[in-house]
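Got chain A; can you put chain B on it based on the hints?
So the sequences go chain by chain: A and B.
Every letter in the first sequence is one number past the one before it in the numbering used here, and letter 227, counting from 1, is 227.
Every letter in the second sequence is one number past the one before it in the numbering used here, and letter 119, counting from 1, is 119.
To be clear, the hints were calculated from the coordinates, so they are not data collected in a lab.
Take the hints with a grain of salt, since some may be wrong.
Stated by the list, open to error - Across the chosen pairs, the derived CB separations fall in these ranges: (1) A:P42 x B:V126: 56 to 64 Å; (2) A:G38 x B:R188: 39 to 47 Å; (3) A:R242 x B:G268: 49 to 57 Å.
To be verified - Now the stretches of chain B that chain A is said to cover, found in silico as 3 or more residues with beta-carbon under 8 Å: (4) 88-94; (5) 158-167; (6) 228-237; (7) 259-272.
As the structure is a computational prediction, the values presented were derived from the model and not from experiment.
Note that beta-carbon positions come from the ideal geometry of N, C-alpha and C, so glycine has one too.
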Amino acid sequence: MSELLASRRVRWTLTVLLPPLAVAVALAIASGLIVASGHSVPHAFSALFDGAFGNRNNLGNTITKVIPLVILGLGIIIGIRAGLWNLGGDGQITMGGLGAIFVGLYLVESFPNYLAAPLVLIGGFVAGGLWGGIAGVLKAKRGITEVITTLLLNFVAFNVVKLLIERPPLLDTQAGFPQSRAIEANLPILLGGSQAHAGLTLALVLIGVVWLLISRTSFGLELRAVGLSAEAARVAGIRRSRRILQAMVISGGFAGVAGASEVLGLQHHLIADLSPGYGFTAFAVALLAAADPLLLLPSAVFFGALLSGGPLMEQKAGVPVEIVYATQGLTILLVVAAFALRSRLLRGLSIGTIAPPSPMTAISEEVAAG
Amino acid sequence: MNFLETVLGSGLRIATPIGFAALGETFSERAGVVNVQIEGMMLTGAFTGVLGAKYSGSAWVGLLCALLAGAAVAALHAVISIMLGADQIVSGIALNLLALGLTSFLLPVFFGDNTGIVAGLHVVDVPGLHDIPLIGPILFEQASTTYVLYAAIPFAAVVLYRTTWGLRVQACGENPHGADAVGVNVFRIRLEAVLLAGAMAGLGGGVLSLQGLRFFTDNMTQGRGFIALAAVIFGNWSPVRVALAAVFFGSIDALQLRLQATGVPIPGELLLILPYVAALVVLAGFVGRSRLPSQLAQAYRRG
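Just chain A, with the same shape it has in the complex:
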């Protein structure tokens, strides 16, 4: 029993320590690249920090990145728990924005905002959910991997939305560039003198909702069972294909809510570039958080700060902003490598001393370990 506890303690310690360690190593490698390209690291990092947190406006800008990253990250976590890699976040956000604009312009234009804004968010959920559902149906009914279909659907969504906002009835003819007409419904500004909007409150509430859904409901338990083992789920009488479809719809729906919140709080119009690569950044956010909703916020703040501080770093220190995307990739690589190494070490520790952990209790650790 004491060996079991010791092993638990080692496991927990590693889970808490590994992601920050991975971030540190990723930043060290990025620093090496900055030096190699002939720029100053202290200069770059201070400009980055300044750009992310230096004043109210910059802090608010960071918050506007954190909002979609958290909401989208929650959708990705739901997918991961069910054993699905939803790589279609960009397309689902864009489709969510389309659903939001449709509801905002045609269904709730005369409603007071306290009714209109929630309905617009629901419109985003439905549109993103339908888009994610396409990949869900293909996976559940035809066995086609969601890894490829969600990626392909991103290109389709982008162009479909571009097509629709470039011409009447959606086109904003006043703007002089392609964007939809503005909707009246909105999410109010939270931090005066900045763009930070009430989408942050929504994101924090949704963290709690998803945590409850995953860890305190039988639906969440069944999702995890499906993600853990198709065979175990079948034996337990869970209808696997239905759960897969539901997980993809909810995952896409969250991305759609993120898109609607971008429209309501930030853009007010729909633009084709509603998601500047949030789908993949949120994937990094979810993995750095070890697919745990409660760790999502700090992870989203880290990646959100990189995104919002990047342009000032380029402007002041001359470091191309693309280093931010390289750092995202490095961080994911190091996190998965570290967790894989950890589970190898732990297997080494536990051979012959403890029985294999029950799948249901081990899922939260093992999901992260891959």
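Just chain B, lined up with the frame of chain A:
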């Protein structure tokens, strides 16, 4: 040239980079390892191909650089997903982000404002053969790399089905424990297959940037790596059919480009999405429940 010749001829040209990448990926997936970073390996190849061609003045040196760079990215994937046993999909996504970030970051470092036009691959008419009606202009008025692809297709089929190594590759994807039991080094075969996939994807990327365009721009692969992944499924993990699937997707792309050029009254966006929609439709409709290698994307652990 008539419409059909134009579409199929440029379809083959567009399909060549995808075809190289998809052929390599066939081996890796047969061995049980999926490379979602095929997009990133192609992008890396496109970048290093232009880099090599610029500094050497030779497109062939550029292609060699592209091939090696693709294999280098694949080596990272192998360490993380085969040696450490981490999730292959996650490693692939991370490498895509890394490749996209690094190529865009390094572009101004190596080239300044833009790469400029570098030494490229030119169309070579095959004497005699290109005079054959219909198929001559389609098949035999291509860049030399497309002829290399013609040779690579049957070669890949022979290697996969008729050599010991090919049979071992298949065993590692279907029953790695069984393969291990009869003395096959599963880790090594998977490593070799992944390196092959990386080299071929890098080569494909080099062909993409050096054939026709002869320069590099940010994210110039534009999802071609994902189309290659779809081609492997559509081609049912068989080299000849995978190559034909790549030609199919290339021809769809050529068709939409041709339609855009002729000014049909269809919005450009609807034409642009044709290759992606075609990939989704064939995966959904024409492929039966796909018969993928049973251990695809499963990490192998001994014991």
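Structure-based check of each hint:
1. Between P42 (chain A) and V126 (chain B) the beta carbons are some 59 Å apart, a value that agrees with the proposed interval 56 to 64 Å.
2. In this structure the hint that G38 (chain A) and R188 (chain B) lie 39 to 47 Å apart at CB holds, the actual value being about 40 Å.
3. Distance hint check: the CB atoms of R242 (chain A) and G268 (chain B) are about 39 Å apart, inconsistent with the given range 49 to 57 Å.
4. For a cut-off of 8 Å, the count of residues in the segment 88-94 of chain B with a CB near a CB of chain A stands at 5, and the three-residue condition holds.
5. A count of 0 residues in the segment 158-167 of chain B with a Cβ less than 8 Å from any Cβ of chain A is obtained; the coverage claim is therefore unmet, three being the minimum.
6. Using a Cβ-Cβ cut-off of 8 Å, 3 residues of the segment 228-237 of chain B lie near chain A, which meets the minimum of three, so the contact claim holds.
7. Here's how the segment 259-272 of chain B fares: 4 of its residues keep a CB closer than 8 Å to some CB of chain A, so the rule of at least three is met and the hint holds.
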